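Put together the whole structure using the sequences plus the hints.
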Amino acid sequence: MNMSDSRPVYIQLIDRIYTMVLSGEYPPGAKLPAVRELSEMMQANPNTVQKALFYLEEQKLIYTQRTTGKFITTDESVIERIRASLARKYTAEYYMNMKRIGMSVGETKKMMNELED
Amino acid sequence: MALIEYRNVTKLYKGTNALNGVSLDIPAGRIVGLLGPNGSGKTTLIKLTAGLLTPTSGTITVDGFAPGPETKARVAYLPEKSYMSEWMSVDSFIKYFSDFYADFDRVKANEMLSRLGIDPKRTLKTLSKGTKEKVQLVLVMSRAAKAYFLDEPIAGVDPAARDYILNTIIRNYSENASVVISTHLIYDIENVLDDVVFIKEGKIVLADSADNVREKTGKSVDMLFREVFRC
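So the protein lines, in turn, are chains A and B.
If you use this note's numbering, the first sequence corresponds to residues 169 to 285, in order.
If you use this note's numbering, the second sequence corresponds to residues 253 to 483, in order.
Since the hints were derived computationally from the structure, they do not count as laboratory data.
Careful: at least some of the hints might be erroneous.
Chain B is nowhere near these chain A residues, computed Cβ spacing over 10 Å in every case [claimed, not checked]:
1) V177
2) G192
3) E193
4) A198
5) Q211
6) K219
7) Q227
8) G237
9) D243
10) E244
11) N265
12) M266
13) N281
With a cut-off of at most 16 Å between alpha-carbon atoms, the simulated EDC-like pairs for lysine to aspartate or glutamate come out as follows [as the list claims (entries may be wrong)]:
14) B:K299 <-> B:E257
15) B:K373 <-> B:E363
16) B:K347 <-> B:D371
17) A:K219 <-> B:E467
18) B:K324 <-> B:D355
19) A:K228 <-> A:E248
20) B:K468 <-> A:E248
21) B:K468 <-> B:E479
22) B:K471 <-> A:D173
23) B:K373 <-> B:D343
24) A:K219 <-> B:E427
25) B:K381 <-> B:E332
Here are the in silico distance ranges between beta carbons for each label pair [as the list claims (entries may be wrong)]:
26) B:L304 <-> A:Y231: 37 to 43 Å
27) B:E453 <-> A:A202: 39 to 45 Å
28) B:G470 <-> A:E284: 36 to 42 Å
Computed from a predicted model, the values in this text were never measured in an experiment.
A virtual CB, placed ideally from N, CA and C, is assigned to each residue, including glycine.
This is the structure:
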């Protein structure tokens, strides 16, 4: 985790969990570790992890099975929606950085194409 | 009523105000960072809570009790400087703690030590600084206390030992107890904290949740600390 990141920690945790899900580390239907275990993994406060999970549950990315724990949704549309929104955010950040160092959109696109091969 | 309450606590030391009118509530189930530079009053506040010092004026209560035998039974305290005799073995400290504290869990302590690969027969003087810190933390965290006061637990230990210490704090988290960690190394611990308390020249200058600080100021706790305590 980037400690100089000034965003609230629960928001940073949400982003990390998004990445874990989208990268396939926790595929649809996978069981999430318990709060305490997640806290240790992310070296973050258990109440903050709880807050992040609460948010993700409201978003329907995860659901609670009363006795067995928390699971990643099997509803691919939720996952695709999150993937699209993260992709938009990362692209905007990338363009902003390129703009800051004096690259035009055209030049940036050209570099993206060059990356492909 | 909060688990720990400070009301207008002042401590005079040789004519200087080590603490000056401190009022603060620490609810149960929180991990609190007591943050300030050296000499700001962190250790004084902790020693007052542990019952090792008495306030010049003002009151402190832990779980409703004024400092005394009842609070010593509820407060687990990790001092900044080791009070442990170098010639004693880890084993004898475990015995010592289980004799002294009714809430000490010997099985848990032995488990934590064996997971660390520490031979309980060894005397303290044969252990590295980082290992000694870990042993002391194991002893303190093996109590089922209501409040844990850790005075500079991560100062001067290597990153692996620091990770162990932070993970031990997280693993032992309970919603019925609070953990207060004093440090000036905020960068390392800020993601573990629920609440932050800035203390400056014996006075509390900020007490808020860590996420509120970030949301309100747009700065990490570490960044804000550097600003507030700029020399």
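(message) Using Cβ atoms and 10 Å as the threshold, tell me whether Q227 of chain A really stays out of contact range of chain B.
(response) holds (18 Å)
(request) Take a quick look at whether K468 of chain B and E479 of chain B sit within 16 Å of each other, Cα to Cα. (result) holds (15 Å)
(request) Verify the proposed pairing of K347 of chain B with D371 of chain B, using a straight-line Cα cut of 16 Å. (result) holds (15 Å)
(request) Could you see if the CB distance from L304 of chain B to Y231 of chain A stays within 37 to 43 Å? (result) violated (49 Å)
(request) Kindly confirm whether 39 to 45 Å is satisfied by the beta carbon distance between E453 of chain B and A202 of chain A. (result) holds (42 Å)
(request) Classify the label on Q211 of chain A as holds or violated, using whether its beta-carbon is more than 10 Å from each beta-carbon of chain B. (result) Incorrect as stated: the minimum Cβ-Cβ distance to chain B is 6 Å, not above 10 Å.
(message) Just to be careful, I want the Cα atoms of K373 of chain B and E363 of chain B compared with a cutoff of 16 Å; is the pair within it?
(response) holds (15 Å)
(request) Please confirm whether G192 of chain A is truly not at the interface, meaning its C-beta sits more than 10 Å away from all C-beta atoms of chain B. (result) holds (25 Å)
(request) Just double-check A198 of chain A for me: nearest Cβ-Cβ distance to chain B has to come out over 10 Å. (result) Non-interface label stands for A198 of chain A: nearest chain B Cβ at 22 Å, farther than 10 Å.
(message) Does D343 of chain B sit within 16 Å of K373 of chain B, going by the straight-line distance between their CA atoms?
(response) holds (6 Å)
(request) Mind verifying the non-interface call on G237 of chain A? Its CB should be farther than 10 Å from each CB in chain B. (result) holds (18 Å)
(message) Would the non-interface assignment of D243 of chain A survive a Cβ cutoff of 10 Å against chain B?
(response) holds (29 Å)
The structure fails hints 1, 5, 6, 20 and 26 (numbered hints given earlier, in ascending order).
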